[in-house]
Amino acid sequence: VEGSPQASDDLTPDPVFEAWERLFRRFNRTHIQQNMIRSQDFRLRDGVSVNREKYSVSTDVLHPNCCDGQSLPGWGVYSVKVSDVMGLLKIENAEDYGLCLMHLPKPKCRAHSDIRVRVMSSGLESSATKPVREYFRIQLSRLMTIDLEAGA
Amino acid sequence: MKYSADAYLDDYLPAFDLVGPPISLPFYDVAKDAYEQVLKKILEIKEARGASRIIESLNTRLTEIARFQHNWDTYDADPPSAESVRLSRLALRLAEHERVLPNTAVASAEGGVALCWDSGAKHAYVEFGNDGTAIVATYQGMAEPSIQEFRPDISFITDALKTVHSFLQS
Chain E
6 VEGSPQASDD
16 LTPDPVFEAW
26 ERLFRRFNRT
36 HIQQNMIRSQ
46 DFRLRDGVSV
56 NREKYSVSTD
66 VLHPNCCDGQ
76 SLPGWGVYSV
86 KVSDVMGLLK
96 IENAEDYGLC
106 LMHLPKPKCR
116 AHSDIRVRVM
126 SSGLESSATK
136 PVREYFRIQL
146 SRLMTIDLEA
156 GA
Chain H
18 MKYSADAYLD
28 DYLPAFDLVG
38 PPISLPFYDV
48 AKDAYEQVLK
58 KILEIKEARG
68 ASRIIESLNT
78 RLTEIARFQH
88 NWDTYDADPP
98 SAESVRLSRL
108 ALRLAEHERV
118 LPNTAVASAE
128 GGVALCWDSG
138 AKHAYVEFGN
148 DGTAIVATYQ
158 GMAEPSIQEF
168 RPDISFITDA
178 LKTVHSFLQS
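Residue numbers (the working numbering), protein chains in the order written: chain E, 6 to 157; chain H, 18 to 187.
Some hints could be false.
Said to hold, decoys possible - So, partial list: chain E residues that the calculated Cβ filter (under 8 angstroms) puts toward chain H:
id, residue
1, 31
2, 36
3, 38
4, 40
5, 48
Hint data in this document are derived by calculation from the structure and do not stem from the laboratory.
These numbers come from a predicted model, not from an experiment.
C-beta: ideal position from N, C-alpha, C; glycine also.
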C-alpha cells in the first residue's frame with residue numbers, strides 16, 4: 006500500500022508467531038511511570054491491539070495507515086517479545102489462564118494483531134475475571150520496553 | 018507592612034528547616050523542647066499546604082480525564098464514565114484523610130479511571146471501572162502482584178486506601 010512499505014492488501018491471517026518477533030504499540034507520555042508503561046494502557050477485555058514485527062517495523066505503528074488515518078506527532082512506541090507474552094500464566098479458581106496472539110490484518114495495516122486472554126486447558130479465548138485481566142495487564146506493563154520515547 | 022500568613026510561611030519556613038534554636042547553652046534543653054513543638058507545627062502546616070497543591074493538581078487532572086472522548090488512546094478505548102470520575106474524586110478526598118495521596122490519575126483503556134502511587138520500585142493503584150467494578154493492586158519489582166476486587170463504596174474505598182498505605186509503608 007502506498008506510503009506504508011510494510012502494509013499489504015492481503016488480509017489472510019498468518020497464525021504462526023515467531024518467538025523472536027516483537028509486538029509494537031504506540032503510547033503518549035501520560036501512560037508511563039519511571040520509564041515503565043502503566044497497566045492502564047492495556048485493554049484485555051477485548052484484546053490489546055499490537056503490530057507484529059513479521060509484517061512491520063516499530064514506527065509503522067505510528068503510520069496513519071495503522072492509526073485509522075490519524076497523524077500522531079509526539080507519540081512513542083513500546084514493544085514486547087512474543088516469547089515473553091506466551092510465557093505468562095495465571096492460575097485462578099483451579100483454571101489456568103495464559104495469553105494468546107491473533108493475527109487480524111486490516112486493509113492498510115497487515116501487521117495488526119491482538120493479545121488476548123485464553124484458558125490454557127482448552128486453548129479457547131476467555132472473558133476472564135477482572136482480577137485475572139488485571140494480573141496480565143500488570144505483567145504486560147512490566148515486560149514492555151520503550152523503543153521510541155514519547156515527546157512532551 | 019502587614020504580612021499574610023501565607024507570605025509569612027513562604028518567607029520563613031525554609032529558614033526554620035535549616036537552623037537550630039538561637040539560644041545559649043544553659044537554657045538549651047528548655048528551648049529545644051519548645052523549638053521542637055514549633056517545628057512540628059510548622060512541618061504540619063507545610064505538609065497540609067503541599068497536600069492541598071497535590072489535590073488541586075489531581076482534581077484538575079480528573080477534570081481533563083472526564084473530557085476524554087471515545088478513542089482517546091487511538092485504540093478505541095471508551096471514555097471514563099461520569100460515575101468512575103465521581104468515585105475517583107471521592108477516593109481522592111478519602112486519600113487526603115488517610116494521608117496517602119496518589120502521584121497521579123490516569124484514564125484506563127478498559128474504561129474507567131485509576132489513581133496511581135509510585136514510590137521507588139513500589140507501585141499501587143485503585144481503579145474504578147465504567148462497569149461498576151473496582152480494583153486495588155499493589156506490586157513491587159518483579160514480585161507477584163496483589164490484586165483485590167472491591168465494592169466501590171466509602172467503607173471499601175477506605176479499606177483499599179489503607180491497603181495501599183500499609184503497602185507503601187512496609
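The hints, checked one at a time:
1. Using the Cβ-Cβ criterion of 8 angstroms, the hint placing residue 31 of chain E at the interface with chain H is satisfied: the shortest such distance is roughly 7 angstroms.
2. Proximity of residue 36 of chain E to chain H holds as hinted, the smallest CB-CB distance being about 6 angstroms (cut-off 8 angstroms).
3. Contact between residue 38 of chain E and chain H, as hinted, is supported at the beta carbon level, the nearest pair being about 5 angstroms apart and thus within 8 angstroms.
4. Here the hint on residue 40 of chain E is broken, as its CB sits about 11 angstroms from the closest CB of chain H, past 8 angstroms.
5. Interface restraint check for residue 48 of chain E: the shortest CB-CB distance to chain H comes to about 4 angstroms, inside 8 angstroms, so the restraint holds.
Going through the hint list in order, the structure does not satisfy hint 4, though it satisfies all others.
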